[in-house]
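Asker: Since the structure of chain E is provided, determine the placement of chains H and W on it from the hints.
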Amino acid sequence: MEDVILRVRDLHKRFDSEEVLRGVTFEVRKGDVKVFIGPSGTGKSTLLRCLNRLVEPDSGQVWLGGDEITHSSDIDGVRRRMGMVFQNFCLFDHLTALRNVEIGLLKVLKMPKHQARELALSELARVGMERFADKYPAELSGGQAQRVSIARSLAMNPEVMLFDEPTSALDPELTGEVLDVMKLLASGGMTMLVVSHEMEFVYSVASEVLFMERGVIAERGTPRLIRGGTAPGSDGSSDAAGSFERTRAFLRHINNG
Amino acid sequence: MDESVRYILDILRGPLLQGTLASCKLIICSAPLGLLTGFLVSTGWVYGNRAVSGLCRAYVILIKGTPLLILLFVIYFCLPSFGLMLSPFSASVLGFIMCSGAYSSEYIRGAILSVRSDQVTAARALGMSGMQAIVWVVLPQAARRALPGCSNEMIYLIKYSSLAYMLSFIELTGAGKMAASRSFRFTLVFSVVGLIYLGMVSLASLLFLWIGKKLAIPGFELKRD
Amino acid sequence: MQSALIFFESLPNIALGIFTTAGLVLIALSVGFVVGLPLGVIQVYWGSSFFSRVVSVYVWLLRGLPSLVLLFLFYYGVFPLFGIDLPPFFVGATVLGLRSSAYQSQIFRGALLSIDQGQMQAARSLGMSRSVAIRSVILPQALRVSLPAWSNEYPILLTDSSVCYAIGVMEMLTRTSLQVSRTRAPVPLYLGVAVIFILMNYIGMWLLHYVERRYRIPGFGGS
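One line per chain: the protein sequences are E, H and W, in this order.
Read in our numbering, the first sequence has 42 at position 42, and its numbers run on one by one without any break.
Read in our numbering, the second sequence has 55 at position 55, and its numbers run on one by one without any break.
Read in our numbering, the third sequence has 172 at position 172, and its numbers run on one by one without any break.
Okay, chain E solo, but in the shape it has when bound (with noise of 0.2 Å):
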């Protein structure tokens, strides 16, 4: 099990009076892109703010690496081993793109400054943004300000890459893009955990499909079985279990809305 770079057991979290997360376990190697789907309010994004505790979980434990990361007092130097990607981008507004991709080096890892510029410059040229460089966040279309805000999350270095709907606040022909920097992140061996519903997206890069479900995983596995038809467990890259109904029936839900 050398290769398990996360590994998430029994997560639960209540807000008030709705438990969001009903107990929440799954393991993540290295390379892995986890998609997860489901209908909204079923705690995808509660689950990926909980494994960086921008919320703090309830109960249940998150090992990054060896390090149980659920009580670590250090949650800053958690944070900057995930990058995380959010659905409204939540660049910095006062800040240029290469300044926001800039500034977790110079105030986060301390780097020196013309260090920090050569490789926030690079970050923006891998995401393809190395043109807008000076640009503020206003100037930028939605599709551009979130390729900057994945650089802003590579140039951390991290050993996972969380994607909380990355594109459902981008206009249709603005996911592309984003998609394709995405594709080639996922090609280039990084472990990613995306909760989105871009299924042609998920199709072709997702390792494993997660069907969630009022706060708990109730359907997983490979993109081709919950495709294929085939009976589960052939595949043999995933514990799947049931026969999908339930994750087709959403499926078709969501390509006829």
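Treat each hint with caution, since some may be false.
[Claimed, not checked] Output of the computed footprint for chain E on chain H, the stretches with three or more beta carbons under 8 Å from beta carbons of chain E: (1) 66-73; (2) 108-121; (3) 138-146; (4) 207-220.
[As the list claims (entries may be wrong)] Distance ranges between label pairs, derived from CB positions: (5) E:R131 - W:W206: 51 to 61 Å; (6) H:L206 - W:A22: 36 to 46 Å; (7) W:G47 - H:L206: 18 to 28 Å; (8) W:G47 - H:D2: 34 to 44 Å.
Because the hints were derived from the structure by calculation, they are not lab data.
These numbers were taken from a predicted model, which means no experiment stands behind them.
Glycine included, every Cβ here is placed at the ideal spot set by N, Cα and C.
Answerer: For chains H and W alone, coordinates are given in the frame of chain E:
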């Protein structure tokens, strides 16, 4: 008429010039520290624990409720009873700092609260500590939004710097009063003094407009919570 | 203990100043309203006229000058020049009022501008003249809109009023200073008078909030 012009030129070169310089000294010493106080107080109010936040709140309420002139009298006449004797100049500057700090903190606090919460979330997700997120993300954004209000406060400061005369520090208003008392040309002298204040106020407005332009970020003003 | 004693001994004398201070504030608020409202109306509804330009200059002058300078200018200069011999109290109240009128005119201007254009058109379509429409349709709405901002003039004038000390108006600070020179006890007296000001501030604000709630129109002007 000719004689009046000569008189004006005389006092402009003499006491009014001295007075204007003294006023500038008051303003230049108070303004930056007043703004700094405003930043500290508003940050303490918004982010401090209960004790710090309560203290900052009490400070603002007390200072805003007290006339500045009384604040100056308290500093100048009461502090010596506690062993702290300040010159009229230092007492005035301290009073101005406390006053402009309290008033500008209101603008800065509003600006801090207007920074969208996802900005802090994103900063924390990068691994910044709470303090780093405040210093590098929240305050730079808040500063830009607080600028118009704070500029206004600094322009008020120029005007109320005249109160230092009540502690017998001879600045522009005091210099005018003394010159006028000698010549009995009150209307003339105070009109000139008034014009000098108007000039200082206009200059400061231009300066702040310029700073605002320098700090402007395309599209930033539109993005608020 | 000694301090408290001195304060309470001087209290009756200082308390007389409360009436003077309150008088200054009330007169100044009224003068400011009576002068400021028409100025605001002129700026909005006769925007390009000569009067409007005069109003702009008036506002710029009164807002740009320190109150102390205005006070000296009128008390020692302008009033004597025109042979007007007023007691310091009225000079102070007038100057504070004129200054407030400049600020109030801008409050009313903002409020008038915030009233929907359609209100004027509807009033004119009923056959009202422009001035009747302003008086009976626009102003009643604008005054309610301006009340929160207008309420702010009270604490501003209250704290400003102490400047009248400089021309010897017998308001609270002047009386306190006289007591201080008699008793040589600045600490209890100045701190005490600061507390009185803060209390007056809060009582006044509380009253104004009460008025605001009282005259609110359901569904009009937000919260």
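Asker: Hint by hint, note whether the structure agrees.
Answerer: A quick look at each hint next to the structure:
no.: 1; hint: 66-73; result: violated (count 0)
no.: 2; hint: 108-121; result: holds (count 4)
no.: 3; hint: 138-146; result: holds (count 3)
no.: 4; hint: 207-220; result: holds (count 4)
no.: 5; hint: E:R131 - W:W206: 51 to 61 Å; result: holds (59 Å)
no.: 6; hint: H:L206 - W:A22: 36 to 46 Å; result: holds (39 Å)
no.: 7; hint: W:G47 - H:L206: 18 to 28 Å; result: holds (25 Å)
no.: 8; hint: W:G47 - H:D2: 34 to 44 Å; result: holds (41 Å)
Checked against the numbered hints above, the structure violates only hint 1.
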